[in-house]
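Asker: Assemble the complex: chain A is given as a structure, and chain B must be docked to it using the hints.
The listed protein sequences derive, respectively, from chains A and B. Anchor point for the first sequence: position 105 equals 105 in the numbering used here, and the numbering is continuous, going up by one each time. Anchor point for the second sequence: position 360 equals 360 in the numbering used here, and the numbering is continuous, going up by one each time.
Just so you know, these hints were derived from the structure itself, not from any lab. Wrong hints could be hidden among the right ones.
Said to hold, decoys possible - Mimicking DSSO-like on lysine-lysine, the simulated pairs with C-alpha atoms at most 30 Å apart in a straight line are: (1) A/Lys62 to B/Lys452; (2) B/Lys379 to B/Lys366; (3) B/Lys383 to B/Lys334; (4) B/Lys138 to B/Lys153; (5) B/Lys419 to B/Lys366; (6) A/Lys243 to A/Lys217; (7) B/Lys490 to A/Lys574; (8) A/Lys138 to B/Lys490; (9) B/Lys574 to A/Lys508; (10) A/Lys467 to A/Lys419; (11) A/Lys64 to B/Lys498; (12) B/Lys305 to B/Lys366; (13) A/Lys305 to A/Lys286; (14) A/Lys107 to B/Lys305; (15) B/Lys99 to A/Lys490; (16) A/Lys583 to B/Lys383; (17) B/Lys243 to A/Lys107; (18) B/Lys217 to A/Lys217; (19) A/Lys452 to B/Lys490.
Said to hold, decoys possible - These stretches of chain B come out as covered by chain A in the derived footprint (C-beta under 8 Å, 3 or more residues): (20) 193-207; (21) 492-503; (22) 559-568.
Positions of the beta carbon are idealized from the N, C-alpha and C atoms, including for glycine.
There are 2 protein chains.
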Amino acid sequence: MYRSHTNGELRASHINTEVTLSGWVQKSRDKGFMIWVDLRDRYGITQLIFDAERTPTDMMEKAKSLGREFVIQVTGTVIERESKNAKMATGDIELLVSKLEILNEAKLPPFTIEDETDGGEELRMKYRYLDIRRNPVKNNLIFRHKVAMEVRKYLSDQEFIEVETPYLIKSTPEGARDFVVPSRMNEGQFYALPQSPQTFKQLLMVGGMDKYFQIVKCFRDEDLRADRQPEFTQIDCEMAFVKQEDILNVFEGLTRHLLKEINGVEIEKFPRMLYDDAMRIYGNDKPDIRFGMEFGELNEITQHKEFKVFNDAELVVGIAVPGGATYTRKEIDKLIDWVRRPQVGALGMVYVKCNADGSFKSSVDKFYDQEDLKNWAEKTGAKAGDLICILSGATTKVRAQLSALRMELAERLGLRDPKVFAPLWVIDFPLLELDEETGHYHAMHHPFTSPKPGQLELLATNPGEVKANAYDLVMNGNEIGGGSIRIHDKQIQATMLKHLGFSDEEAKAQFGFLMDAFEYGAPPHGGLAFGLDRLVAILGGQETIRDFIAFPKNNSGRDVMIDAPAPLNNEQLKELSLQLDIKA
Amino acid sequence: MYRSHTNGELRASHINTEVTLSGWVQKSRDKGFMIWVDLRDRYGITQLIFDAERTPTDMMEKAKSLGREFVIQVTGTVIERESKNAKMATGDIELLVSKLEILNEAKLPPFTIEDETDGGEELRMKYRYLDIRRNPVKNNLIFRHKVAMEVRKYLSDQEFIEVETPYLIKSTPEGARDFVVPSRMNEGQFYALPQSPQTFKQLLMVGGMDKYFQIVKCFRDEDLRADRQPEFTQIDCEMAFVKQEDILNVFEGLTRHLLKEINGVEIEKFPRMLYDDAMRIYGNDKPDIRFGMEFGELNEITQHKEFKVFNDAELVVGIAVPGGATYTRKEIDKLIDWVRRPQVGALGMVYVKCNADGSFKSSVDKFYDQEDLKNWAEKTGAKAGDLICILSGATTKVRAQLSALRMELAERLGLRDPKVFAPLWVIDFPLLELDEETGHYHAMHHPFTSPKPGQLELLATNPGEVKANAYDLVMNGNEIGGGSIRIHDKQIQATMLKHLGFSDEEAKAQFGFLMDAFEYGAPPHGGLAFGLDRLVAILGGQETIRDFIAFPKNNSGRDVMIDAPAPLNNEQLKELSLQLDIKA
Numbered sequence: 001m002y003r004s005h006t007n008g009e010l011r012a013s014h015i016n017t018e019v020t021l022s023g024w025v026q027k028s029r030d031k032g033f034m035i036w037v038d039l040r041d042r043y044g045i046t047q048l049i050f051d052a053e054r055t056p057t058d059m060m061e062k063a064k065s066l067g068r069e070f071v072i073q074v075t076g077t078v079i080e081r082e083s084k085n086a087k088m089a090t091g092d093i094e095l096l097v098s099k100l101e102i103l104n105e106a107k108l109p110p111f112t113i114e115d116e117t118d119g120g121e122e123l124r125m126k127y128r129y130l131d132i133r134r135n136p137v138k139n140n141l142i143f144r145h146k147v148a149m150e151v152r153k154y155l156s157d158q159e160f161i162e163v164e165t166p167y168l169i170k171s172t173p174e175g176a177r178d179f180v181v182p183s184r185m186n187e188g189q190f191y192a193l194p195q196s197p198q199t200f201k202q203l204l205m206v207g208g209m210d211k212y213f214q215i216v217k218c219f220r221d222e223d224l225r226a227d228r229q230p231e232f233t234q235i236d237c238e239m240a241f242v243k244q245e246d247i248l249n250v251f252e253g254l255t256r257h258l259l260k261e262i263n264g265v266e267i268e269k270f271p272r273m274l275y276d277d278a279m280r281i282y283g284n285d286k287p288d289i290r291f292g293m294e295f296g297e298l299n300e301i302t303q304h305k306e307f308k309v310f311n312d313a314e315l316v317v318g319i320a321v322p323g324g325a326t327y328t329r330k331e332i333d334k335l336i337d338w339v340r341r342p343q344v345g346a347l348g349m350v351y352v353k354c355n356a357d358g359s360f361k362s363s364v365d366k367f368y369d370q371e372d373l374k375n376w377a378e379k380t381g382a383k384a385g386d387l388i389c390i391l392s393g394a395t396t397k398v399r400a401q402l403s404a405l406r407m408e409l410a411e412r413l414g415l416r417d418p419k420v421f422a423p424l425w426v427i428d429f430p431l432l433e434l435d436e437e438t439g440h441y442h443a444m445h446h447p448f449t450s451p452k453p454g455q456l457e458l459l460a461t462n463p464g465e466v467k468a469n470a471y472d473l474v475m476n477g478n479e480i481g482g483g484s485i486r487i488h489d490k491q492i493q494a495t496m497l498k499h500l501g502f503s504d505e506e507a508k509a510q511f512g513f514l515m516d517a518f519e520y521g522a523p524p525h526g527g528l529a530f531g532l533d534r535l536v537a538i539l540g541g542q543e544t545i546r547d548f549i550a551f552p553k554n555n556s557g558r559d560v561m562i563d564a565p566a567p568l569n570n571e572q573l574k575e576l577s578l579q580l581d582i583k584a
Numbered sequence: 001m002y003r004s005h006t007n008g009e010l011r012a013s014h015i016n017t018e019v020t021l022s023g024w025v026q027k028s029r030d031k032g033f034m035i036w037v038d039l040r041d042r043y044g045i046t047q048l049i050f051d052a053e054r055t056p057t058d059m060m061e062k063a064k065s066l067g068r069e070f071v072i073q074v075t076g077t078v079i080e081r082e083s084k085n086a087k088m089a090t091g092d093i094e095l096l097v098s099k100l101e102i103l104n105e106a107k108l109p110p111f112t113i114e115d116e117t118d119g120g121e122e123l124r125m126k127y128r129y130l131d132i133r134r135n136p137v138k139n140n141l142i143f144r145h146k147v148a149m150e151v152r153k154y155l156s157d158q159e160f161i162e163v164e165t166p167y168l169i170k171s172t173p174e175g176a177r178d179f180v181v182p183s184r185m186n187e188g189q190f191y192a193l194p195q196s197p198q199t200f201k202q203l204l205m206v207g208g209m210d211k212y213f214q215i216v217k218c219f220r221d222e223d224l225r226a227d228r229q230p231e232f233t234q235i236d237c238e239m240a241f242v243k244q245e246d247i248l249n250v251f252e253g254l255t256r257h258l259l260k261e262i263n264g265v266e267i268e269k270f271p272r273m274l275y276d277d278a279m280r281i282y283g284n285d286k287p288d289i290r291f292g293m294e295f296g297e298l299n300e301i302t303q304h305k306e307f308k309v310f311n312d313a314e315l316v317v318g319i320a321v322p323g324g325a326t327y328t329r330k331e332i333d334k335l336i337d338w339v340r341r342p343q344v345g346a347l348g349m350v351y352v353k354c355n356a357d358g359s360f361k362s363s364v365d366k367f368y369d370q371e372d373l374k375n376w377a378e379k380t381g382a383k384a385g386d387l388i389c390i391l392s393g394a395t396t397k398v399r400a401q402l403s404a405l406r407m408e409l410a411e412r413l414g415l416r417d418p419k420v421f422a423p424l425w426v427i428d429f430p431l432l433e434l435d436e437e438t439g440h441y442h443a444m445h446h447p448f449t450s451p452k453p454g455q456l457e458l459l460a461t462n463p464g465e466v467k468a469n470a471y472d473l474v475m476n477g478n479e480i481g482g483g484s485i486r487i488h489d490k491q492i493q494a495t496m497l498k499h500l501g502f503s504d505e506e507a508k509a510q511f512g513f514l515m516d517a518f519e520y521g522a523p524p525h526g527g528l529a530f531g532l533d534r535l536v537a538i539l540g541g542q543e544t545i546r547d548f549i550a551f552p553k554n555n556s557g558r559d560v561m562i563d564a565p566a567p568l569n570n571e572q573l574k575e576l577s578l579q580l581d582i583k584a
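Okay, chain A solo, but in the shape it has when bound (with noise of 0.2 Å):
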């Protein structure tokens, strides 16, 4: 061992034993007769000081040329300091060095090593092994760690086995793309990565194994948006002879034991919102109800005048902003800019200010009068020194939008605090989505979730309106979580992938063998995953899962470390039976 302690742990009660640290040389002090270094490891920083009293020229010397970042292994005896660092926990003391040796040298790093760094984004991906020495890197990882032991504690101890399930599976061309993998035993052919363990859960419940986790890597091939990774884990969980509200049970009961053992939150129970609630009210299926701004549909009391814009608009709704009738006209234009950018895509933004004289002034007072920006601000909950802001349009557009700004807004008005932790289930979510492009409806969560007890009628005259046993558990306006119950009828899977759009031929190629277990004895199940990367992130008080990733990708999914991805050798090809087919 290249030391008996670590950089962390040397105290008072220390004083006058010999020690052996190692470490890397954070910073040193040269005053020429005295030389003080800092010395860093993962547990943190011991002062160790050489003066030329005390200590031999040529060390001395050796201590003279340490750079930044340097490895070395000292042994000497641990001093009590005069001047004492109370905001270290090792600064009662230091290190009287007796013998020093350089361990391995370092060039200069790219960026500095401290908490705050020089380091762009880029440089620091480059060099991810140096960030990792930073201490928000590193207490991420470490927190990441102590996140992941608790769920597995957790679950365990209630019975839930771990199984792992394989990477190497079979691609199936429904929701987003696979990654696939060649296999060269079987030419012409090729595995896919999963985007999740699905089927392979159902089939564990199949197979009597009736409280499963994982937790795993899955894997999707999107155009990666801010903050999405390639890679990205899931603490994924399937339950048999359960029914939904078993379910919520169970895994609020997890996330409750994660908030008290990791953040020494309490929260008694999670609220539950029923997904057109959400939809109505924060125009968002995760809203973030740490705070406010509740939408106020105003149809009815803003279509009965002149006003176009809103007598054409399926919706018109607004949300009341604590204290925004102090801002000037320039602010409110730049908030109208800001909703009319391409992201957003408002084509413009009504506003009413409430005055603290209880007067209003809004930009439509040539259509509407006092009374009914009363009303309005009734509707929003505004109160006198708040600023409302309406948008108006296609419902699903709008909400989306008003919600955007509802978000923007909390955020400049500090009402998303990290500190705080707002979980809330929302549930019956519909069971299929429209795609507007298409004109097709597919699978909202997966092919695999049950409609609604007697709601299976309503999929051939209605699908828009078949609501599922699906559920999300969100927090601070984050998905964390989401799951269903799931269909255990051969029969009705048949249905709804008929309902999907497959074929029998595609549904019997791709889901056969689930299908086929479904007339062995299935019993009832469902379950959730949860978004590690996300889940962490969010307990750690961030949002960037990036952060809490050691070795993370960037936005084209390269690995800029490693310079991965990378050509293959015309051999490796050959012997996967593969061609580029390269447009020029």
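Answerer: What follows is chain B alone, placed relative to chain A:
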């Protein structure tokens, strides 16, 4: 919830309480006026009773209709059994059913769901979800979960951090073949699936994360031998600021913990053996030391006569088979046939019977006298009543042949008791291995393994002699783990790669990121990886890893249950810029 209790839970103390159970019909006995049904779930079996006196007629009829593996839910009263079954945990009671619901029917399974099934391997794999209902498979999966949990608990308690490393990495045409993954977003480029997280864990050490572990899937595109899987699971570990001794101690501690917690076996200190000694004494780098039958090298005492076969041999070596002197001529001939099978490859076998009266009878009496044979007996440790089996030839080959014979005989003699655990460290492996086909040396462990101090110079002159800081943990004749102290110096790593035949360009393209990392302050480090599948099988007293994997692949790398791999459609290929190149 479809149940108030599990089928393994009810005891005499529950008598007269009303409960609800769910599960699968294991079997039913219909005596006309009375029907008993064994209801099974993951936790056990509970006997249900329907009887004409107490059960309504329609329910009797329904009970009669129940087939094997039907999924049912029953409510009823726990009553005392007339004839108790001491072999069953629930054998004191039975359930008098008052409500019966069929949750799902079942076709007759293609094999019996019993501990001893009539299903063959292929059939059981195709219907793996039914196979998992059987106790032996189910219990293996639960056992695996327990082992994995104990590993995580132990290492986490020792301040190891589990860090997830990426699955989409870069292909390195070294060692086994990579599975590759075409990148749609980076045309003509491929990711590779990791054969192990080797370089990433070393980068974590450079990053200061000084105790790392991960239970992680690894991938190797090899022509599959029996009991090899294209995807397998490793307990991957790495530590910084350690020497070989530290690593051996830490992971001996882990293994000792597992033996104690999982098997209830306490083992004080694991023996250590030099690789050279293992090869000399057992002909094998993973010797099974549960039994003796050590090799006796006989060159000196066999090459002084006219027996050309021995005189021409590089090595003459024998083992004593306990009690083998009673083997008939026919039995011995069969043994000779066995060593001459192509899988073993010996040309013949010389034998000596050590008779009870102290005399010897050998197949080479023409050449050797009693004094010679007595010397051989002494050298091989043969006692009166034993049989000495002697092979001769080129050292490497003959050692492998005699080792195979030793293991086969031990198996036949019942010396390989799966309840006995004999761990062993084999240390000081050679750094390089000669590839007989190409005449080139390649890394025996991997190119990042460090040579023993002071042996670097030997690389140029006598590469085969260089020993490495490399070690394997062996248990009961199986390698369950292996690792090494790594190189942490860029220059030494460059020298090593050069000796392994990498040009500077190749070295830079494939391992440039690692060698760059070594310039920024790399600490001394090393590690080890356990094969989890193998470890679990051995702790479970078995040797077939497939029985401990939920969804294994067959010897052609196929998942016969989901029928993967499978062809892709043309659109998918086109999106990936690929064409098939199938030989006619």
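Asker: Tell me, which hint numbers fail for this structure?
Answerer: Hint check: 5, 7, 10, 11, 13, 14, 16, 19 and 21 fail, others pass.
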